[in-house]
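Starting from the given sequences, assemble the full structure and let the hints guide the process.
Here the sequence shown is numbered in full-length UniProt numbering, starting from 1 and rising by one per residue.
It is worth saying that the hints were derived from the structure and are not from the lab. Careful, some of the hints might be misleading.
Below, a list of computed lysine-lysine pairs in the DSS-like style, where the Cα atoms sit at most 30 Å apart [stated by the list, open to error]:
no. : residue 1 : residue 2
1   : K71       : K132
2   : K59       : K41
3   : K84       : K59
4   : K84       : K71
5   : K11       : K59
6   : K59       : K132
7   : K123      : K84
8   : K31       : K41
9   : K123      : K76
10  : K76       : K37
11  : K71       : K31
12  : K71       : K12
13  : K41       : K71
14  : K41       : K84
15  : K59       : K31
16  : K59       : K12
17  : K76       : K28
Label pairs and their computed distance ranges (CB to CB) [unchecked claim]:
no. : residue 1 : residue 2 : range
18  : D21       : K62       : 30 to 40 Å
19  : D21       : I85       : 18 to 28 Å
20  : L20       : D60       : 34 to 44 Å
Bear in mind that the values here come from a model prediction, so they are computed numbers and not experimental data. Glycine included, C-beta positions come from ideal geometry on N, C-alpha and C.
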Amino acid sequence: MSNLLSVDIGKKRTGICLCLDGIILPQKAIKTYELEKVLKKYILDYNIEQIIFGVPLDKDGKDNEMSLWVKDLVGKMNICGVDKIFFNERLTTKESERLIRESGLKEKKEEIVDSISAMIIMKEYLNFEREK
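Structure below.
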């Protein structure tokens with residue numbers, strides 16, 4: 001299995017999750033303005049072959065303002081040598097908030113919700129690929 005990275009881009013913060021040899025490893029969320037630099041570092045440090053970018057499509061599967069913004073941001077990044085995949089991440093934030101609530105974590109949810117969302121994107125993407 002190749003090394004993968006999933007990304008949940010928000011206007012302020014971005015969640016990142018690694019998948020190394022099939023092991024899913026959520027990373028600390030970063031400021032979105034640092035994203036391109038951080039992605040390049042992950043690509044080099046972990047030999048990343050694919051980056052899965054979560055896009056929040058509408059319930060009918062169509063683009064909306066936020067999904068178009070994410071695609072535009074990714075399109076402007078100078079990231080070479082990896083496959084870039086856009087994957088529907090609709091409702092991952094709500095799922096992240098539910099998991100945090102159920103786990104009883106005391107940390108501020110803003111500090112971890114983005115990373116958990118990236119982890120959910122990774123998990124759903126891997127499940128999707130297995131079912132093909």
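Unsatisfied constraints (hint numbers, rising): Failing hint: just 2.
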